[in-house]
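Which chain is which? The protein sequence lines are A and B, in order. Under our numbering, the very last position in the first sequence is 350; numbers go up by exactly one each time. Under our numbering, the very last position in the second sequence is 350; numbers go up by exactly one each time.
Among the clues, some could well be false.
The list treats identical chains as interchangeable, and a pair is accepted whether it falls inside one copy or across any two copies.
[Unchecked claim] Straight-line distance between alpha carbons at most 30 Å, and here's what the computed DSBU-like set of lysine-lysine pairs gives:
| id | residue 1 | residue 2 |
| --- | --- | --- |
| 1 | 233 | 195 |
| 2 | 325 | 247 |
| 3 | 144 | 105 |
| 4 | 247 | 105 |
| 5 | 195 | 105 |
Calculated directly from the structure, the hints in this document are not laboratory data. All values derive from a computational prediction rather than experimental measurement.
There are 2 protein chains.
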Amino acid sequence: MKNHMSDMSPEEVRQLVRKGQMTGPTAGMAASYAQANLVVLQKDLAFDFLLFCQRNQKPCPVLDVTDAGSPVPAIAAPGADIRTDFPKYRIYRHGVLTEEVTDITPYWKDDDVGFLIGCSFSFEQALINQHIPIRHIDEGVNVPMYKTDIDCVPAGPFSGKMVVSMRPIPERLAVRAAQVTSRFPAVHGAPVRIGNPQSIGISDLHQPDFGDAVTVREGEVPVFWACGVTPQAVIMEAKPDIVITHSPGHMLITDIRNESLAVL
Amino acid sequence: MKNHMSDMSPEEVRQLVRKGQMTGPTAGMAASYAQANLVVLQKDLAFDFLLFCQRNQKPCPVLDVTDAGSPVPAIAAPGADIRTDFPKYRIYRHGVLTEEVTDITPYWKDDDVGFLIGCSFSFEQALINQHIPIRHIDEGVNVPMYKTDIDCVPAGPFSGKMVVSMRPIPERLAVRAAQVTSRFPAVHGAPVRIGNPQSIGISDLHQPDFGDAVTVREGEVPVFWACGVTPQAVIMEAKPDIVITHSPGHMLITDIRNESLAVL
Chain A
87 MKNHMSDMSP EEVRQLVRKG QMTGPTAGMA ASYAQANLVV LQKDLAFDFL LFCQRNQKPC
147 PVLDVTDAGS PVPAIAAPGA DIRTDFPKYR IYRHGVLTEE VTDITPYWKD DDVGFLIGCS
207 FSFEQALINQ HIPIRHIDEG VNVPMYKTDI DCVPAGPFSG KMVVSMRPIP ERLAVRAAQV
267 TSRFPAVHGA PVRIGNPQSI GISDLHQPDF GDAVTVREGE VPVFWACGVT PQAVIMEAKP
327 DIVITHSPGH MLITDIRNES LAVL
Chain B
87 MKNHMSDMSP EEVRQLVRKG QMTGPTAGMA ASYAQANLVV LQKDLAFDFL LFCQRNQKPC
147 PVLDVTDAGS PVPAIAAPGA DIRTDFPKYR IYRHGVLTEE VTDITPYWKD DDVGFLIGCS
207 FSFEQALINQ HIPIRHIDEG VNVPMYKTDI DCVPAGPFSG KMVVSMRPIP ERLAVRAAQV
267 TSRFPAVHGA PVRIGNPQSI GISDLHQPDF GDAVTVREGE VPVFWACGVT PQAVIMEAKP
327 DIVITHSPGH MLITDIRNES LAVL
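Produce the complete structure using the sequences and hints provided.
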């Protein structure tokens, strides 16, 4: 067994998860590879949700969509099974969390469609590679996330405001952070705003709507990126009969190298 | 009236088209703005086609998708009507071209979904801005297009090979051409291949499958980009009851500035 799960291959991590030997958060595992969020919807809602993602690519960057009834993400991880390879799942009925499980095989239906959504871990790695510090990692907490007053473009029953994540960046590095993350449109891409939280409807940085507050130091500017919590919030508002998501922080390790997601 | 249609606004061109006063090709009109290809499908095929586009973004870059039954592309051109604002349309029944018309209002159905697909005009403008010559423009012909042996990722009934367009580029500028077009993933983006046509199944550059052959000069390398003819070819193979497309070269002028499509 490898000393560090960060050195494992995606398949090695997925095997541990599939066997139930790893049920915790996936941050830092198989570090060069993209991790994916999950949304499972029934086929009748799949077109409108895919359309919502297409219209709101910054908060909803789609890495892969499974064929109806197939649990295999053929593009992102052909050897994976989305019913078993996330460490933890949440089941929502009519917008209410009813169960948290480690295997959704009993819930899987013939017309289910799985959406794998890109995650900020990929661009955080790119920032770290540039020696740009990530405060919530250094402080050992979840990234702070905020509801904004930015409207998503609606599609069918799906509509709502964009949720953003915030990372405090030294002012001299803010432009570099924008450049570096612009290379990765498949995982939220460039920031939506640098500084001035009020301008996007955030009144108090110390009171995030999701995740944990982090320290913003003298000489740092808060930088806001579109966040994958957006599609989840939008789906809950639409209150489908049933929707399955990953549990926060408990992602699928794909076979896609972070660096291969760069457009330049 | 403006001296040159290249200086007109998108809305001005669309008005002329809508009134039937302009029924020709749109190349060069409202030159700073993105032009869009069209595919209209009935709702029951829309999910699989959107999925096909999501899985094959280089040949099928989606700029906008209309809500079922709505002819208004709310993101790309909120003042436009896709039933009247393309100069010419083609109607295909079971994969066979049956009519060419200038107005599809009589054909429009309550559950029709319109897909606006990005077009190479946008990145050609970016190349021209870098003083990289575009041979088929200089020779006054259509861009040469070739079927390759590159498989698209299938989705539902949609599958087939990628079609590419070719532009001969001076060898010293080929890398620059790749860089410049990489900025525009929403309009086919980076080349799929530089040189060696045989490596993607093209046996004779002088015999394009679509469009016209162009001169490749000494010291030039053929550069291949994914082409918007791909989704059309794939749809014809699927032989839906009815599908409506724009006529080749007869595009919609959107309100999206080419330069705003750049990711960097």
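Okay, the hints, checked on the actual structure:
For the identical chains of this complex, residue 233 and residue 195 are neighbours neither inside a copy (32 Å) nor across copies (38 Å), given an alpha-carbon limit of 30 Å. For the homomeric pair residue 325 and residue 247, the shortest alpha-carbon distance inside one copy (16 Å) is at most 30 Å, but the shortest distance between copies (39 Å) is not. Taking the shortest Cα distances, residue 144 and residue 105 never come within 30 Å of each other, neither inside one copy (34 Å) nor across copies (37 Å). When the C-alpha separation of residue 247 and residue 105 is checked against a cutoff of 30 Å, the pair qualifies neither within a copy, at 38 Å, nor between copies, at 39 Å.
For a Cα distance limit of 30 Å, the shortest separation of residue 195 from residue 105 inside one copy, 22 Å, qualifies, whereas the shortest one across copies, 50 Å, does not.
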